[in-house]
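K.L.:
Protein chains in written order, with this note's numbering: chain A, 1 to 749; chain B, 750 to 830.
Please note: incorrect hints may appear among the correct ones.
Reference listing, derived: stretches of chain A covered by chain B, where coverage requires no fewer than 3 residues with Cβ under 8 Å from a Cβ of chain B [what the hints assert, rightly or not]:
| # | stretch |
| --- | --- |
| 1 | 233-245 |
| 2 | 343-351 |
| 3 | 410-422 |
| 4 | 517-524 |
Straight-line distance between alpha carbons at most 25 Å, and here's what the computed DSS-like set of lysine-lysine pairs gives [said to hold, decoys possible]:
| # | chain 1 | residue 1 | chain 2 | residue 2 |
| --- | --- | --- | --- | --- |
| 5 | B | Lys793 | A | Lys416 |
| 6 | A | Lys177 | B | Lys826 |
| 7 | A | Lys406 | B | Lys793 |
| 8 | B | Lys826 | A | Lys441 |
| 9 | A | Lys406 | B | Lys796 |
| 10 | B | Lys796 | A | Lys621 |
| 11 | A | Lys168 | B | Lys826 |
| 12 | A | Lys26 | A | Lys8 |
| 13 | B | Lys793 | A | Lys177 |
| 14 | B | Lys826 | A | Lys416 |
| 15 | B | Lys826 | A | Lys22 |
| 16 | A | Lys536 | A | Lys572 |
Hints are computed from structural coordinates only; laboratory data are not their basis.
The beta carbon of each residue, even a glycine, is placed where N, CA and C say it ideally should be.
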Amino acid sequence: MSTNKDYKWVGTSPIRPDGADKVTGKAAFGADKNLPGMLHGKILRSPYGHAKIKSIDTSAAESAPGVLAVMTSKDLPDLASEMGEAGESAVDFRDLSQNILAAGKVLYHGHAVAAVAATSPKLAKQALKLIKVEYEELPVVLEIEDAMADDAPILHENQFTPGGSQDKPSNIAGKMKLPRGDIEKGFAEADVIVEREFTTPTVHQGYIEPHAVTASMSASGHADVWCCTQGAFVVRAMTAKVLNMDVGKVKVTPSEIGGGFGAKTTVYLEPIAVKLSEMSGRPVKMVMDREEVLRATGPTSASVIKIKLGATNDGKLVAAEGTLKYGAGAYKGSPMGPGCMCVFASYEIPNFVVRGFDVVLNKPKVAAYRAPGAPMAAFAMESVMNEMAGKLDLDPIDFRLENAVKEGSVAAYGPKFPAIGFVETLKAAKEHPHYSAPLGKNQGRGVGTGFWFNIGMQSSATLNVNESGSVTLITGSADIGGSRASMALFAAEELGIDYDLITPLVSNTEEAGYCDVTGGSRTTFATGMAVVKASKNLVANMKKRAAKTWGVEVDEVLWQDGQAVPPFSSGKNPMSMAEIAASAAKTGGPLTASASLTAQGAGAGFGVHICDVEVDPETGKTDVIRYTAIQDAGKAIHPAYVEGQYQGGAAQGIGWALNEEYVYNDKGVLQNFGFLDYRMPVANDLPMIDTVIVEVPNPAHPYGVRGVGETPIVPPLAAVAEAVNNAAGVRITDLPISPPRLLAEIDAK
Amino acid sequence: MLQVDLSFDLQEFSSGLESLEVEATNIRELLAQLDIRFPGLGAKIEKDMAVTINGVIYQETLIEPIEDGSEIYFIPKIGGG
Chain A
1 MSTNKDYKWV
11 GTSPIRPDGA
21 DKVTGKAAFG
31 ADKNLPGMLH
41 GKILRSPYGH
51 AKIKSIDTSA
61 AESAPGVLAV
71 MTSKDLPDLA
81 SEMGEAGESA
91 VDFRDLSQNI
101 LAAGKVLYHG
111 HAVAAVAATS
121 PKLAKQALKL
131 IKVEYEELPV
141 VLEIEDAMAD
151 DAPILHENQF
161 TPGGSQDKPS
171 NIAGKMKLPR
181 GDIEKGFAEA
191 DVIVEREFTT
201 PTVHQGYIEP
211 HAVTASMSAS
221 GHADVWCCTQ
231 GAFVVRAMTA
241 KVLNMDVGKV
251 KVTPSEIGGG
261 FGAKTTVYLE
271 PIAVKLSEMS
281 GRPVKMVMDR
291 EEVLRATGPT
301 SASVIKIKLG
311 ATNDGKLVAA
321 EGTLKYGAGA
331 YKGSPMGPGC
341 MCVFASYEIP
351 NFVVRGFDVV
361 LNKPKVAAYR
371 APGAPMAAFA
381 MESVMNEMAG
391 KLDLDPIDFR
401 LENAVKEGSV
411 AAYGPKFPAI
421 GFVETLKAAK
431 EHPHYSAPLG
441 KNQGRGVGTG
451 FWFNIGMQSS
461 ATLNVNESGS
471 VTLITGSADI
481 GGSRASMALF
491 AAEELGIDYD
501 LITPLVSNTE
511 EAGYCDVTGG
521 SRTTFATGMA
531 VVKASKNLVA
541 NMKKRAAKTW
551 GVEVDEVLWQ
561 DGQAVPPFSS
571 GKNPMSMAEI
581 AASAAKTGGP
591 LTASASLTAQ
601 GAGAGFGVHI
611 CDVEVDPETG
621 KTDVIRYTAI
631 QDAGKAIHPA
641 YVEGQYQGGA
651 AQGIGWALNE
661 EYVYNDKGVL
671 QNFGFLDYRM
681 PVANDLPMID
691 TVIVEVPNPA
701 HPYGVRGVGE
711 TPIVPPLAAV
721 AEAVNNAAGV
731 RITDLPISPP
741 RLLAEIDAK
Chain B
750 MLQVDLSFDL
760 QEFSSGLESL
770 EVEATNIREL
780 LAQLDIRFPG
790 LGAKIEKDMA
800 VTINGVIYQE
810 TLIEPIEDGS
820 EIYFIPKIGG
830 G
């Protein structure tokens, strides 16, 4: 780990401001909000994977004891298909609405069909049983290539493949092509060619806290919404759109959040809770259980990815071909686009073509998950890179160094890279003691690398100086990884005061300036930029106040260590922030400063992971015995939380590689809908994950920050698979590498 | 003069033209010029794409200045998790 000694606060790791409340149980999460007279909402969900809804009779439920409101999609406005910006990426609001409550068809098992609000959860559940839905069952399609077949069951009769037949509907909702050079010529120049196909299953983000909301609609038509989300403003936008309300009539207050990882950037319950509140005239609380979370919220895509790679004997990549198919779930919008842009992004390859397909299936609509689309692409490409290194008898890191992108390289997705740290990260991995440590029997080591763009988007920050000189710092960026601490560190550094004098808050949509979602690894980068800008504005204001007090020109006043310093000739003493704040009434009124911006110039992140495993040849069980995550952070503002991001991403990627998968029966019914059967790694499954923070500053950020939250989940899939290959002598191309699958491969060897 | 390269998926607007030179001093002018030459292209980029200027990605901006001689490329808008 490195720290810059020029900073007093940036680069240190103080205790998080929300830490004590979280460890003592006082922090309020989504389900902790209660209001007088509150009702409890429950959802009726489809028992079929694919079916027409012929009729819904809610009359018996409406007259059931304790029931005050029952709704179906008929109670929502019939929205036209319209793509709109709502958070991190575009969304079709009609799809969003019909995913919230099915209209005409159910498209996956667990799809919401109707909702009830009653005086207790038990009465609401009982009323659900009284709703009569007549279905016409339809065949389901669960596998990507089955859904792409000409005779596949069609999910949407009005969906046609772009550039394809406009007469015959299709499950292929989108296509993409990225070509460069001449791949025939490139492969002709290759001495060695490796070609393989890989599959990854549908996996869930696995956040601990289920979705929860409490909503109250006033008589004047103003909705108050409390929920756990990565973006209060996106909840506001989506809820208003689905209910055809003005955004100014919806106030969203974010709770503390028990994990999101991208998945809490959309809405499921919020519009329903608001509508039920409007219908009943009472506040309505809705909380999903784990089964609902797994059956009906967005996991990330399954994928089928084929890579063909050509290299010369001296280790130069000369050609590549990639075909990437991503399952979107019930509605269009898989991370096919970023997957295609990422798959060859780490390497200089003169000739390539990438083709991508976005395919709908009878599964829940996918949601974002850390670096959406990139882990699957990297699993395929990095596995082929490892195999190619073996065939060329090259060290896998040396082979990557030979081909790594650097400043000035033309990225596979088009533009030239500005300053990036892939080479530095690879070198740090090669020099790490882990890379050369001896291995024992049945043990193997693998390397994988990962790339993610990171993003900027819109952020705001406000600083209010209290009479004592302490500061309240307000943003609208949900804190999912310790960002309040990072925001306070930026402000402390800029203002020159102690971290403990700053109280960072995440406020609601009526009190905070607009902030896009906390996602895309953007908050420390973009909201941090807004905090820095607001702090500079505040310092400028305080210098003016001091100048007025002393009767000197503002240009003569310096700001040092949290004090305004007068010119020596004035004979005055410096004024602290507390003194300036105490006299604020006499110098122009309260001291406050804000900044809003659209942050540009997000710096790309690169990571390299080293994984050691031990395979039990008798059972096929794989244990990760040592793991090191190395990544370029640009600048680590709070190094302990940067390390936490590296470790968390690695843990999720290891789970994806070894155990996690949605298991469906042939009717499209999820079989493993709890954490006992959906097997995520827990603490005793993993070793301590070591980290190395590389710092190649991003020139577009005042402190050099890149995002760090997403890149760490990209390398593990290939790193684990290669370690298993080296331990057991079998190359697994279909995830997860579960004991039965690995044992079968070992036995077949 | 700016060097503008069009990705494969945008070349349907330009009848297959891969690159062109455009005179513009900011992103708004750039997109307007592209729309004049290839109707619909500027609007498509503004709605669905991010603009890269000498490799730096700009999302959701029309006012970003562009220096003469810059290299321009368009990529799909990027989200995240």
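K.L.:
Tell me, in ascending order, the numbers of any earlier hints that this structure violates.
P.N.:
1, 2, 7, 8, 9, 10, 11, 12, 15
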